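S.K.: Listed here are the chains, written in short residue letters.
2 protein chains.
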Amino acid sequence: MSQEGTVPSSGHRAVTPPPDVFSSSCPTRRLLDRVADKWTVLVLTTLDRQPMRFNALRRRIEGVSQKMLSQTLRQLERDGLVTRTVTPTLPVSVTYALTPLGGTLVQALQAMIDWAEDHMAQVADAQAVYDRRLAAP
Amino acid sequence: MSQEGTVPSSGHRAVTPPPDVFSSSCPTRRLLDRVADKWTVLVLTTLDRQPMRFNALRRRIEGVSQKMLSQTLRQLERDGLVTRTVTPTLPVSVTYALTPLGGTLVQALQAMIDWAEDHMAQVADAQAVYDRRLAAP
DNA sequence: CAGTATCCAGAGTGATACTG
DNA sequence: CAGTATCACTCTGGATACTG
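If you're matching them up, the sequences are chains A and B in order.
Position one of the first sequence corresponds to residue 1 (my numbering), numbered consecutively onward.
Position one of the second sequence corresponds to residue 138 (my numbering), numbered consecutively onward.
Because the hints were derived from the structure by calculation, they are not lab data.
Note that this is a predicted model, so its numbers are computed, not measured.
Even glycine gets a Cβ: it sits at the ideal position worked out from N, Cα and C.
Don't take each hint at face value.
Computed Cβ-Cβ distance ranges for the label pairs, DEER-style [to be verified]:
(1) B/Q203 / A/A124: 44 to 52 Å
(2) A/R30 / B/Q244: 20 to 28 Å
(3) A/Q50 / B/T222: 29 to 37 Å
(4) B/A248 / A/A121: 19 to 27 Å
(5) B/A248 / A/S25: 36 to 44 Å
(6) A/T95 / B/D185: 35 to 43 Å
(7) A/R13 / B/L227: 50 to 58 Å
(8) B/T241 / A/R74: 28 to 36 Å
(9) A/A121 / B/D262: 37 to 45 Å
(10) B/T222 / A/Q71: 51 to 59 Å
(11) A/P91 / B/L271: 19 to 27 Å
With a straight-line cut-off of 25 Å between C-alpha atoms, the simulated SDA-like cross-links for lysine to any residue are [as the list claims (entries may be wrong)]:
(12) A/K38 / B/Q247
(13) A/K67 / B/S161
(14) A/K38 / B/P164
(15) A/K38 / B/V231
(16) A/K38 / A/C26
Covered stretches of chain B (in silico footprint by chain A; criterion: 3 or more residues with CB under 8 Å from a CB of chain A, positions within the stretch not fixed) [stated by the list, open to error]:
(17) 177-184
(18) 190-204
(19) 254-262
Please model the entire structure based on the sequences and the hints provided.
M.R.: As structure tokens, this is what we get:
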């Protein structure tokens, strides 16, 4: 049989190791770092509803700084998850939109947000119990 | 009909505002911050396969520091997502396991990991295109 | 083994100012 | 409007050392 995933000892082609986020050297790990990020999640799920301009995003995502927003957007653009479209009005308008690739990710991210909103109460209860244990030992 | 989500003007009971991760003051936002975290994602999905001891987790999740691992675990324990079980061997063994609540979250997190591993190539391509544009303008 | 304590570099934030 | 640049500050995260 084949030896997928083992060290190639006699193969002719270079074998790419299987992707593994648990390996710190795997590129997917860096990708996960970025995807599993507060601002990334909020930006992408916002753009899922509709394309948006910079300051609209800034207003919608409370608490994000200009710096982090533009940094996040540039990163997402580089990763091919959002597009940046410049319209030469006066002054210029810049619109950000999800790419099809970005769209495939949003499904998973939205599930995370839904989970947080749906289970907030249970988590809060657990926290209360935990904190009470510490207070009265 | 009802006015769910609007300001209560004549109701008798105090109305909790609807959860909204986009509001920086909403508790779900802090919850999202923690859930949308690199180490949280890796710890929870690891524990999904089987309960594990501290150093086993440390070895499995390459690159995590002791500090971040214990910090993450304590936080997850407080949130009711993992349990911490101490067995009085010599020296003592501590085993971490997913709670049912934690199990409900793992579904969403695993989807994120799967996405990263499945779309790594497309992202890498997009990055190459982006970087080439900057290099040859 | 399973942590806690300490120190330190760097990331993230806010404010402010400046460009096209 | 849509940014970039800079400074000051905080806070996270990593490396290291020590404890029950």
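S.K.: Given a hinted range of 51 to 59 Å, is it respected by the beta-carbon distance of B/T222 and A/Q71?
M.R.: This hint is violated: roughly 41 Å between Cβ atoms.
S.K.: Hey, A/K38 versus B/P164, does the alpha-carbon distance stay inside 25 Å?
M.R.: holds, 14 Å
S.K.: For B/Q203 and A/A124, compare the CB-CB distance with the range 44 to 52 Å and indicate the outcome.
M.R.: With Cβ atoms ~29 Å apart, the hint is violated.
S.K.: Could you say whether the range 19 to 27 Å given as a hint is met by the Cβ separation of B/A248 and A/A121?
M.R.: holds, 23 Å
S.K.: For the pair supplied as a hint, A/K67 and B/S161, confirm whether the alpha-carbon distance does not exceed 25 Å.
M.R.: Judged against 25 Å, a Cα distance of about 17 Å means the pair holds.
S.K.: Cβ-Cβ distance between A/A121 and B/D262: within 37 to 45 Å?
M.R.: holds, 43 Å
S.K.: Against the range 50 to 58 Å, how does the distance between the Cβ atoms of A/R13 and B/L227 compare: consistent or not?
M.R.: Distance hint for A/R13, B/L227 holds at roughly 52 Å.
S.K.: Examine the segment 254-262 of chain B: at least three residues should have C-beta closer than 8 Å to a C-beta of chain A.
M.R.: holds (count 7)
S.K.: Are the Cα positions of A/K38 and B/V231 separated by 25 Å at most?
M.R.: violated, 30 Å
S.K.: Under 8 Å between beta-carbons, do enough residues of the segment 177-184 of chain B, three at least, approach chain A for the coverage claim to hold?
M.R.: holds (count 4)
S.K.: Go ahead and decide if the range 20 to 28 Å is satisfied by the Cβ distance of A/R30 to B/Q244.
M.R.: With Cβ atoms ~24 Å apart, the hint holds.
S.K.: For the segment 190-204 of chain B, do at least 3 residues have a Cβ located nearer than 8 Å to some Cβ of chain A?
M.R.: holds (count 4)
Checked against the numbered hints above, the structure breaks hints 1, 3, 5, 10, 15 and satisfies the rest.
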